[in-house]
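A.B. asks: Chain by chain, the residues:
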Amino acid sequence: MVFTLILTALYNAILAVLIYIAEKKTAFGRIGRKKKQIIIGILFGAMAAFASTSIAGVDIGDGTIMNVRDAAPLCAGLIFGAPAGIIAGIIGGLYRYISAFFGLTGAYTQLACSISTMLAGFIAAALRKFMFDDKKPGWIYGLGIGMICEVIHMLMIFFTNANDPSTAFGFVKVCSLPMMLCNGFSVGAAVLVISLLGKDRDAVQFGKRHISRTFQTWLFICIVVAYVLTSTYTYMLQSQMSNTETETVIKTSIDDVNQDIQDTSDENLLNKTNLIKSDYIASNNKSEEFLQSLADKYNVAEIHIIDDNGIIVNTNVPHYIGFDMASGEQSAEFLVLLDGTHKSFAQEYRPQSYDSSVAYKYGGVALQGGGFLQVGYDASEFRADIDSTVKKIATNRHIGENGFIVICDEEWNIVSEGTDYTGYNLASLGIWVDTEKYAENTIFSTEFNGKPYLGEYEFAEGYYIVGVIGEEEALFMRDVSVYLSSFMEVLIFAALFALVYFLIKKLIIDNLTEVNRALSKITNGNLDVTVDVRDNEEFASLSDDINSTVDTLKRYISEAEARIDAELEFAKQIQSSALPSVFPPYPNRREFDIYAQMDTAKEVGGDFYDFYMLDDSTIAFLIADVSGKGIPAAMFMMKAKTIIKDLAESGLEVNDIFTQANAKLCENNDAGMFVTAWMAIVDLKTGVMSVANAGHNPPVIKRANGEFAYEKQRAGFVLAGMEGLKYRKTEIQLSPGDQIYLYTDGVTEATDKDDGLYGEDRLVDFLNTLADTDVKSICEEVKRDIDRFVGDAPQFDDITMVSFKINFIKGDNKLSFIPGRDAGVAVSDFAQQITSKLDVLPKISSKVSIAIDEIASNIINYSKAKTAEISYSIENDKLNLTFEDDGQPYNPLETEDPDITLSAEERQIGGLGIFMVKKMTESMDYKYENNKNILKLVMALNS
Amino acid sequence: MTIKQTNESEKLTLALSGRLDTVTAPELETVIDTALGGATELCFDFTDLEYISSAGLRVLLKAQKIMNAKGKMTITGVNETIMEVFDITGFVDILTIE
Chain A
1 MVFTLILTAL
11 YNAILAVLIY
21 IAEKKTAFGR
31 IGRKKKQIII
41 GILFGAMAAF
51 ASTSIAGVDI
61 GDGTIMNVRD
71 AAPLCAGLIF
81 GAPAGIIAGI
91 IGGLYRYISA
101 FFGLTGAYTQ
111 LACSISTMLA
121 GFIAAALRKF
131 MFDDKKPGWI
141 YGLGIGMICE
151 VIHMLMIFFT
161 NANDPSTAFG
171 FVKVCSLPMM
181 LCNGFSVGAA
191 VLVISLLGKD
201 RDAVQFGKRH
211 ISRTFQTWLF
221 ICIVVAYVLT
231 STYTYMLQSQ
241 MSNTETETVI
251 KTSIDDVNQD
261 IQDTSDENLL
271 NKTNLIKSDY
281 IASNNKSEEF
291 LQSLADKYNV
301 AEIHIIDDNG
311 IIVNTNVPHY
321 IGFDMASGEQ
331 SAEFLVLLDG
341 THKSFAQEYR
351 PQSYDSSVAY
361 KYGGVALQGG
371 GFLQVGYDAS
381 EFRADIDSTV
391 KKIATNRHIG
401 ENGFIVICDE
411 EWNIVSEGTD
421 YTGYNLASLG
431 IWVDTEKYAE
441 NTIFSTEFNG
451 KPYLGEYEFA
461 EGYYIVGVIG
471 EEEALFMRDV
481 SVYLSSFMEV
491 LIFAALFALV
501 YFLIKKLIID
511 NLTEVNRALS
521 KITNGNLDVT
531 VDVRDNEEFA
541 SLSDDINSTV
551 DTLKRYISEA
561 EARIDAELEF
571 AKQIQSSALP
581 SVFPPYPNRR
591 EFDIYAQMDT
601 AKEVGGDFYD
611 FYMLDDSTIA
621 FLIADVSGKG
631 IPAAMFMMKA
641 KTIIKDLAES
651 GLEVNDIFTQ
661 ANAKLCENND
671 AGMFVTAWMA
681 IVDLKTGVMS
691 VANAGHNPPV
701 IKRANGEFAY
711 EKQRAGFVLA
721 GMEGLKYRKT
731 EIQLSPGDQI
741 YLYTDGVTEA
751 TDKDDGLYGE
761 DRLVDFLNTL
771 ADTDVKSICE
781 EVKRDIDRFV
791 GDAPQFDDIT
801 MVSFKINFIK
811 GDNKLSFIPG
821 RDAGVAVSDF
831 AQQITSKLDV
841 LPKISSKVSI
851 AIDEIASNII
861 NYSKAKTAEI
871 SYSIENDKLN
881 LTFEDDGQPY
891 NPLETEDPDI
901 TLSAEERQIG
911 GLGIFMVKKM
921 TESMDYKYEN
931 NKNILKLVMA
941 LNS
Chain B
1 MTIKQTNESE
11 KLTLALSGRL
21 DTVTAPELET
31 VIDTALGGAT
41 ELCFDFTDLE
51 YISSAGLRVL
61 LKAQKIMNAK
71 GKMTITGVNE
81 TIMEVFDITG
91 FVDILTIE
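Protein chains in written order, with this note's numbering: chain A, 1 to 943; chain B, 1 to 98.
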């Protein structure tokens, strides 16, 4: 029986595993939750129905099958979800209800079983939803819930059969323990198996949360103690009540019998006494012998005549004469016949006052004129008279349902009729009455037909009256009470447990979880999160405290940020003021233009540029990029900038500057920072540019009348990267109009929102689209193009650019220039440079100036030359001036002289310059060679 | 070159210093165009002018043509070098040099 139940119990676990595997491995796992719940509900409903059948249950008679039906909806609800539980419960319950009509299942518990199966589904659903956060519970919970549902089931059997508690109790007594165990085991096993399969990922663990575990443990202990105490108390109280009840029930029956015997005996004696009295009164003979003859006639032992003083005055037993009836307790009772209240009085069979070793039954009747007549006889004498009556007294008498009452003689032989046991000795039936141990009217235990019985006895008129009742029947009410109250307590305590658990979870655990969730967001840096748990005063206050703490923290942080911002702003100013930022930096230097700009990604950056005149005709400029960004990069940048400038100003070659700067930067470079740098020193007199590159992006150079293109040389290693490195120098001959564009990788590595890089090709292409190649607009336009490219994406790196342009190259004796807009200034400068060197009269130097001015302005304005050059030499007080240009051939000597005699209105302005030069020079010589106009002038310096 | 400009009722005086050459001549031309207005007398003070090139001569010629119609133009403080240029180019006959 147990084996079958255990096997059935495992069906649920097997079904759960099958569904679990189907969910993981097959298409079943991909269907919608609603459908899935319905299917699972139906499967477990079918399982519940199957469990109700005789195949899976144990028949306990009456077609009622003890089974584990309730476990199926519980498994569905607890393991797979509330809807599945409810569906399974309804299906199982309906099947149980309907099948009873067809005799498939027992009718007696039809309603109870149906209701409890449906309830199981709803309970599982409610618990899963409200107690377990829609997760499956731990196996211990499964076990407990399975058992508690069976308690409900048992109570249902009572409630639905309230009019027949005895049958209901019969079911409950047999079923309760095995069904509780099996259902509990079934649900627990299913949950455990699924938990093991799922590695317990989403199971609510018993004691997973510390607080709830402590509460649960103590709550459980308290509840168990309370349960044990109240159950024990109920048991004891009910036992006591049952005993008293049984005692009373038996005693009442015995007393009735006793009274009947007594009445029969009394009636018999008083009849005799009245007959004797009649004979006594009718006769004149009052002698002792006459009384003896009456005694013999009526077969009694004693006849006494008592006077109205209570003294025996006449008797058949002479030694009683003179006995005062008031002297003994037994005899004194007869005195009631003297005061006229009683006409007759019968006493039960008992020891007499005169001699307590002799037991008699006495009766008396009052005599007219005072006194009374008393008759006494012994048991053997009166039993013969009443035996036939007594034998019938116990007939048809029962105690309870299966209890009975018998009358035995003094040897415990049953004399009463109406039972199968008449004539048997009571002891031979197994009922042994130990009169020494048990007094009359006290409960004694015995056995009858192998079952425990309770009994009582009384002794009356020489008979033992014994009543017995089956212990089971006697204690039925107690057992029903104890079972019922135990079940109710289990339910109440389970509900209490669930309620306290739920309240703690809702009021404390859930709130704590919410607070913790918010706090973890806050500690992860999101200070805008607020804690808002307002379920109760304590958590509201906690929330407020946390929020105000966070607010304070936020305020401090923002204050600190503001302070840091201010300091960074200050640092930014220091950094920018360390870089030359006034443009044009050398307004008087027409031979070159330089422009630089830096946009830092943060407040301060690691990029830098620098330029300075090393002497009147030498300019140095550089661009550099320190590894990293922010404050550390900025500090290293200041150091690098200062070191390089110091070295440059000490007159070192550009490669030596880097070599020594590298050595110095390597010292104490614990932070492991480094700098890429590109530096040029340009000799403005010769146009020779010496370049050193320490790992920096190569320059983009536009040759006069050419296009921007990378000038890639082999770069050296970064500065501060490795000690003892030597750097190389590269020399580039610049021509007037050449442009150099330098940048840091913030330009080419500028990133758009799709992570695309700006890149070198785009840079060069863009540079070549620029119409205005002014140093400033080049930088500004490139920056604008980068901004367009980047869009809304953030700037990650500093963007720094330097643009340098050489306009003309003015040597000591030679000026190279581009005949263009600004060339006149260069020529004018060069003319002044020559005249300031000549130690001649102002008139002479003016002529020299005029000559250079006139010829040069002709070249500038009319020759369409791309390059031009003016050089001079002094020989024997003669100044030799040579003009060369690659413009269209033009011989000034062939120009016709203007008519200088015309009036102002008539004068033409052309040709006047050449005419003036002709007048001022000693000789002019022109030739066209190698596509160049070459004009040589000789001017006297001493005339 | 620097140009110092003085207005006295209808007389505009321009005092030039430095060099009046190809580079600076357009500057003088602009000044004359804007400052002349309704002046009937234009006076150049060449005391501090170092030299003059043909570009300068062109401006002077243009100014002379304008002033011939409006009133008169005089040049003062002409040094030896500049006077030689005026000689060579025949400008002494056109200009009023005081």
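No lab work stands behind these hints: they were computed from the structure. Among the hints, erroneous ones may be present.
[Unchecked claim] Derived CB-CB ranges, DEER-like:
| # | chain 1 | residue 1 | chain 2 | residue 2 | range |
| --- | --- | --- | --- | --- | --- |
| 1 | A | D925 | B | E10 | 47 to 53 angstroms |
| 2 | B | T76 | A | S923 | 31 to 37 angstroms |
| 3 | A | D925 | B | T96 | 35 to 41 angstroms |
[Claimed, not checked] Reference listing, derived: stretches of chain B covered by chain A, where coverage requires no fewer than 3 residues with Cβ under 8 angstroms from a Cβ of chain A:
| # | region |
| --- | --- |
| 4 | 8 to 18 |
| 5 | 64 to 72 |
| 6 | 79 to 88 |
[As the list claims (entries may be wrong)] A few chain B residues facing chain A, derived, Cβ under 7 angstroms:
| # | residue |
| --- | --- |
| 7 | V23 |
| 8 | V31 |
| 9 | C43 |
| 10 | S54 |
Glycine included, C-beta positions come from ideal geometry on N, C-alpha and C.
A.B. asks: Honestly, which of those hints from before does the structure not fit?
C.D. replies: Those not satisfied are hints 4, 8, 9.
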